[in-house]
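Undergrad: Produce the entire structure from the sequences given, and follow the hints as far as they go.
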Amino acid sequence: MKKKHYPYTICIVVLTVYFTVLSQAVLFAQTAVSANVSNTRPVAGEEIAVNLSVSDALDFYYGSIEVSCQEDLLEFLSVENTGLSQPGINNSGPLGTGTTGASVSRTDPLENPSAGSYMILNFLVKNTAPSTTTDLTFANQEIFDSGGNEIPTDPVNAIPLEIQESISDLDMAISAENTVTEGETFDVTGTLYATGITDTGRIETRVGISEENTDPSTWDDSVWMEMEYTEKDANDYLYYTREIAYKRPIGTWYVALRSRLDDGSWVYGGTEGIWEAEDSPNAVLYINRKAPYRHTLAEWNFDEETLTPSYSIPANQESGIELSGASFEGYASGASGRAANSNKWEDGSDGSKYWWTAFSTSDFTDIELSSKQYGSNTGPRDYRIEISTDGNTWEEVDGGNIRVGNNWSSGVLDTLALPESIADREYAFIRWAMAGDTSVNNGDIGSSGTNRLDDVLITGVNAAPQRLAVYPGDANGDSLVNADDVLALGRYWLTHGPAPVYNSTEFAAREVEAWIPPEATHADTRGDGQVDHRDLMPIGLHFNQSVSATLKLNEPPLTEMVIEPQQAGAIIPLTIACETHSDLRGVALSLAITGIDAEQWEIQNIQPLFCPETWFDNLLSFTIKRDNTFELAYVLKGTGDITSSRELIALDLKARNDWPGPVTASLNRATISNANSNTQPIRFLNITGTNTQERSMKYGSELLANQPNPFHDYTMIPYEISSETHVRLEVLNMQGQVISTLVDQFQNAGKYTHHFDPSDFPAGIYLYRMQTGSGYVKCRKMSVVK
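For the sequence shown, position 633 matches number 632 in numbering that gives the first Met the number 0, and the numbering has no gaps at all.
Errors might be hidden in some of the hints.
[What the hints assert, rightly or not] Mimicking BS3-like on lysine-lysine, the simulated pairs with C-alpha atoms at most 25 Å apart in a straight line are:
# : residue 1 : residue 2
1 : Lys750    : Lys785
2 : Lys624    : Lys653
3 : Lys289    : Lys246
4 : Lys343    : Lys785
5 : Lys624    : Lys636
6 : Lys785    : Lys636
7 : Lys636    : Lys780
8 : Lys125    : Lys289
If you're looking for bench data, these hints aren't it; they were derived computationally from the structure.
TA: Below you can see the structure in the form of structure tokens.
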């Protein structure tokens, strides 16, 4: 067969068609772009990264894409150059609701075509995102080569995401730095957002308080305390709270939160959300030491129309407000209640006319004075405050000038600081001295022009404050709660002082700044800063409790009396007495009745025999029956009065049922509050049966407080004696030497008052003493001011 030949031109055409088809196939090939996410199951608050890459080797120079998401779930954060686009530049920006455009570009060509990643898109799952499913979708992606030619790409597939249940936000709703004083409370409030959680029982939230400012995930479990869920707000945030400062020692503390879901991993919270050392660190809580208590040394409100203090420390109970040169005219309407009133201030600008007082500042410093004055139109306008340490030499006080008006708002001193020269003195003196001849209405002072004084307050701070551990109920600090503690309440009745740093009625030590005197600290058994009737409650609540478990509670009885069998309803009168007279102002007893059940007897008709009937309204009483023991206490409230007596208490023991056998009445303990208001046990007592009709009220003599005191022209010294006896009343100097005898004679029972004129005595502190033939001795202080 003859071989067939094709023309050359036909071959050229065929080859041209072949290569054209081949080149078109290459031209229309699409480059695949893949998108991979760092986590398809993120939790709220988590950042996720989408990595765009190509699998074919390309002359990559530029790439861009549009990405869309649900704005309530995801937030676009940034675009990054990576792989093929490095080194390079990038750009991004919103294109519409939920859509962002992002691009990356090299700044010089690749050395060789390459495959790999070229763009990273960063997203945040919003803290408030619920647990749900969503998608990241992509559109309009572009890739260009270094010649500016577009490289065709396939569409990028959407990325499905499944947002998980989680605690996505945890934040402390307190300041970065917080300060409290010990004894105060401080509540930490935390807020958290838990995606998709409606059952708060699945969430555990705690607050941690550490002495170390470190990562809270490293703190010991012991520093974490459970918080209480309180509410959910309109944005579905959950609120938790916990008090963290009360009873915590002073110092610097660091605070953080932690929370977890279904016993999962803990999430930690700081001051600005999820804990981070720099951006959301621990909060700081400073607990500062409580400032020293400011004691009221003396206070006069004159509402009881008396010149002695309305309240004071024991040393100032008899300190009085006095007038020198002017005339005291009783009491009138005051700033609140009543006020001390006066006139006849004319011609007093030389400082010869003044109000004044003498008082003790022993153991106190930082003395401050407050007062209010009122004047009628013709009363003095100008006064000044002066102080003295001896009542003779006076010093003006800086800031102590007073301008009085016919109102109670002009002539006011408010916590005027007084010189330290009068601090810690057995006696200090203050006077409100007239300082000019101008009247309130800017005229002349008239003889009938008045000046009133009210709301005088002198305070101070313990010069050496210490802290004591006191137990509620143990009013006398002897480590045992019994009727003896009531005697301490009487001694310090209505005394004020510091309240405990942390108060509780539990029988446990509580820390408190020591009162002055320190013994009074224990008497505030209730812990409210005042000794009064409410302090009986902890004594009854903790009766017979002791600080030491080994404390011996059952001493041998002091004396006993055997009572023969009795029929139901029988009354056995008993009298408890000392073998000799004792000076006292109160007594506490413990009486045990044995041989019968506690239900078969009762105590009634108790009579305090040691004091006059005039004391009865001012006696603090306490009785308690526990099993076969009956305890009682009677004590005079808050004064230094004293009596002398042998007989102490009379009472009736009643048989509620028949007593078939003998019964023993045992006096286990007897304690008296004596002349110095201290307590002491009585060892030699009698318990006797008596006829009720034969009982007598026997009581001793009394030397009472002189009035006024301090004084200038005169003072009245009152005293009482209960039966005819020899009485000697003397004045002594501070060395105990007798310098004047005022009374030296026999006197009948009754009340007496001696008028004492100190004209022959220099200014100073003196003693006055009374002695009787029956053995009564009492000494008191008085102050003479010139």
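Undergrad: Next, verify each hint and record whether it holds.
TA: Going through the hints against the structure:
{"no.": "1", "hint": "Lys750 with Lys785", "in the structure": "violated, 30 Å"}
{"no.": "2", "hint": "Lys624 with Lys653", "in the structure": "holds, 14 Å"}
{"no.": "3", "hint": "Lys289 with Lys246", "in the structure": "holds, 12 Å"}
{"no.": "4", "hint": "Lys343 with Lys785", "in the structure": "holds, 19 Å"}
{"no.": "5", "hint": "Lys624 with Lys636", "in the structure": "holds, 23 Å"}
{"no.": "6", "hint": "Lys785 with Lys636", "in the structure": "violated, 34 Å"}
{"no.": "7", "hint": "Lys636 with Lys780", "in the structure": "holds, 20 Å"}
{"no.": "8", "hint": "Lys125 with Lys289", "in the structure": "violated, 45 Å"}
In terms of the numbered hints stated before, the structure departs from hints 1, 6 and 8, listed from lowest to highest.
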